[in-house]
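Next come the chains, spelled out residue by residue.
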Amino acid sequence: MALAGVSFRVKAGEILAVIGPNGAGKTSLLNCINGFYRPQKGAVFFEGRPITDLPPHRIARLGIARTFQNIELFTGMTTLDNLLAARHIHFRSGFLAGALYFGRAHAEEIVHRQVVEEIIDFLEIEAQRKKVVGALPYGLRKRVELGRALALEPKFLLLDEPMAGMNVEEKEDMARFILDIYEEKKIHILLIEHDMGVVMDIADRVVVLDFGQVIAQGTPEEIKHDPRVIKAYLGQAEMREN
Amino acid sequence: MAQADTLPKYLVQSYQKHGNQKVAMRKKELGIWREFTWKDSYEQVKYLALGLVGLGLQRGDKVAIIGDNDPQYYWAELAVQAAGAAAAGIFTDCVPREVKYIVEHSDSTFVFAKDQEQCDKLLAIRDQVPKVEKVIHWDPKGLGGYDEPWLLGFDQVVALGRELETARPGLFQEMVAQGKAQEVGIICYTSGTTALPKGAMVTHGNLIFGYQAATAADPRYDTDDYLSFLPLAWITEHVLGLAVHVISGMVVNFPEEPETIQTDLREIAPCSLLFSSRLWENVASTVQVRMNDSSPLKRALYRLALPIGHRAADLRFQRKEPNPFWRALHAVADLAVFRPLRDKLGLVKVRSAYTSGAALSPEVVRFFRALGVNLKQIYGSTEAIVHTLHQEGDIRMETVGRPAPGVEVRVAEDGEILVRSPGVFAGYYHDPITTAEKLEDGWFHTGDAGYLTQDGHLIYLDRVKDLLELADGARFSPQYIEGRLKFSPYIKDTIVLGGKERAFVAAIVNIDFENVGKWAENRRLPYTTFVDLSQKPEVYDLIRRDVERVNVALPAAARVRKFVLLHKEFDPDEAELTRTRKLRRAFVEERYRDLVEAMYCGLDQVIVRAEVRYRDGRTGTVETPIKVCSLD
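Protein chains in written order, with our numbering: chain A, 1 to 242; chain B, 1 to 632.
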């Protein structure tokens, strides 16, 4: 069993971090929320309505976007095209109009390009706009992945280890972007992250998972000193301050 | 109106001439080139100037500006000048301590700081710069959460200016009319190869003369396009960009981000441009590497075409006409190879491509002229703007050209180049002693060594203090040898050593990590880090071949006899290079003294303990064994 009796709330206006050792069920949890997995028991609510049984694309339409631990982009397409593809759920014109690039489709394309360009500006990936994603370095692909999630214009953003495998400088950039997204775009964020320093710096609240169960939740300060967390997640070693 | 004598007066003239009918500037935003007409530009400057006056800016004040090349930078500078004040530019990658030095030294009462990054620097030194009334930003991204009345938005100042305009109409015109040619327009902090930066006071008259000198043989038109990417903390952009813009009406385009310059350059294809010699060298070696990486067909075509281009370039230098057969051959080569290449580099429309800064190796010049790029040297300084330049039909690769019209050039007893012209500056701010040293009877002492040829061309050797002597009295120019070495795609940087107590010339070489790395990969040569790669025997062999090639063309005494490959790159963050990426010779030599001594004492290996300063200010040490290569 991947998850059992997990229950928590993401409050409006907070960055919630989910931490836990490998195999604790963090990614399974995200998969349940955005409809990749269907839990055998229990329910997921978004803005007061149950979304447990909805397929992923319906959940996306409700305003939940996510990034993946192993980047999921169209590697043969440019940054720009990847982001435009993510605008798909917002296109209203039909297949024929789109194919003929006529009337509404034309006007829509301009609107969506504008949205996408604003994201490109926001994430500072102008120089990568016309580059094929597969050829970009890892840190930048992660950023494009974040851009793809933002292109959905979500109300709620699920980030699965957005900083895994990055160097310190890239991590700092990413942390700044996450905070900017939260502060300027008013998007609530649920974040899975291994780097404790990052979690302590940017999360308002932390939920700790171990073997599919919530073993603690609270502010980063509380979590840092919770003996169960230290035992389960951090093992014998003292938790590093930084 | 009479002949204008300040840049703001020229702006007003251009506005009256073109109004809303013609584009003055473009800036790429959200992927599209947005246009600003002369009216837009004029109004921004006008209301910004009034806004600054409303906030308390006085005639004669100073305003510091730190930010990327944007329309707002041009507007801010013109607005400051329109109000009778002077602008002091700061390099965008300066750390807070360096920003503080310039803001404080220039007595700036206002600072324009582009964005969050720059505003944070100002906030960090706020207590140390009490004279600064307001910091004005033009890119509010990320600043929304700052509750800080010291910071003010560009548009807020413009709005203030609009209010003042209704209260006191005509004030802007009055202020502009009061401007005089001898007023200081910018204070340009020299990059400080030797000591703390010095603030050269450059007047409007100097800038306008600089424009005339640079364009006399090479006119600019209001149909020309220009891409503004040279750092505005440097004098050159003010002359070739700003001054040419307001005087001739040339359209100035601003890149989207500093990282996109290459793409923007290609889209704009400017009519005139200036790269530092280092950048030209980079472009040349990038072309070579990319060609090695391209398809066999393209490579073959390139190899066929290049000698044709070289021959055409050489003939042009000798002022001979190629015969019809060669002309036809060249036309084909141009169509098949050179034009597409120029297009890729954004050089298709360029009429005058200039190089300045350190001396550019003749090979690079020859390479670009073979591609059909009309590359010319321009030699100048912050203090006297333009000294000499190549004029069409009179280009000689080994010289920096003839004195520009209106410039007198003389070589002193000790070989120092002296310059006198209306472009000579008004002195260093707060530094009468250095001013007196550098300025005598209107002659500016450049500190450069060189000589005039029979037919009036100037040969530039090196900085006077940088010419080196060997134990046997032979003099040589390390910079010249460095320039030659750096033409190798595998050598990113190098310092060439010598001196009175030394018997021969030696060099410390920085490999080009990207190119050498690619070379190693192609040969299935495994490596981990820069340190590891730089110490591979195969890499030593590779570099030795390049050094030998350079040695062949040097007089026997000046040949490089020993070299080492350094375990790291020279880095401006560690003060080894200046912000304009010039080598700080004495500092580097002192820093790697162990290495230098090892070469002269005949050791074949040395362990180097280097102090590394990280970006966050911490320091650490690394230990590396470095091999010495001898070329006997």
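Mixed in with the good hints, there may be bad ones.
Straight-line C-alpha distance at most 16 Å; calculated EDC-like pairs for lysine to aspartate or glutamate [what the hints assert, rightly or not]:
{"id": "1", "chain 1": "A", "residue 1": "130", "chain 2": "B", "residue 2": "267"}
{"id": "2", "chain 1": "B", "residue 1": "28", "chain 2": "A", "residue 2": "118"}
{"id": "3", "chain 1": "B", "residue 1": "141", "chain 2": "A", "residue 2": "226"}
{"id": "4", "chain 1": "B", "residue 1": "141", "chain 2": "A", "residue 2": "14"}
{"id": "5", "chain 1": "B", "residue 1": "28", "chain 2": "A", "residue 2": "173"}
{"id": "6", "chain 1": "A", "residue 1": "130", "chain 2": "B", "residue 2": "257"}
{"id": "7", "chain 1": "A", "residue 1": "171", "chain 2": "B", "residue 2": "267"}
{"id": "8", "chain 1": "B", "residue 1": "27", "chain 2": "A", "residue 2": "173"}
{"id": "9", "chain 1": "B", "residue 1": "28", "chain 2": "A", "residue 2": "117"}
Examples of chain A residues toward chain B, derived with CB under 10 Å [said to hold, decoys possible]:
{"id": "10", "residue": "78"}
{"id": "11", "residue": "127"}
{"id": "12", "residue": "130"}
{"id": "13", "residue": "132"}
{"id": "14", "residue": "168"}
None of these hints come from the bench; they were simulated from the model.
Where a beta carbon is used, it is the ideal one built from N, C-alpha and C, also for glycine.
Each hint tested on the structure:
no.	hint	in the structure
1	130/A <-> 267/B	holds, 13 Å
2	28/B <-> 118/A	holds, 13 Å
3	141/B <-> 226/A	violated, 38 Å
4	141/B <-> 14/A	violated, 21 Å
5	28/B <-> 173/A	violated, 23 Å
6	130/A <-> 257/B	holds, 14 Å
7	171/A <-> 267/B	violated, 33 Å
8	27/B <-> 173/A	violated, 25 Å
9	28/B <-> 117/A	holds, 11 Å
10	78	violated, 12 Å
11	127	holds, 4 Å
12	130	holds, 8 Å
13	132	violated, 14 Å
14	168	holds, 9 Å
The structure is inconsistent with the numbered hints 3, 4, 5, 7, 8, 10 and 13, although it conforms to all the rest.
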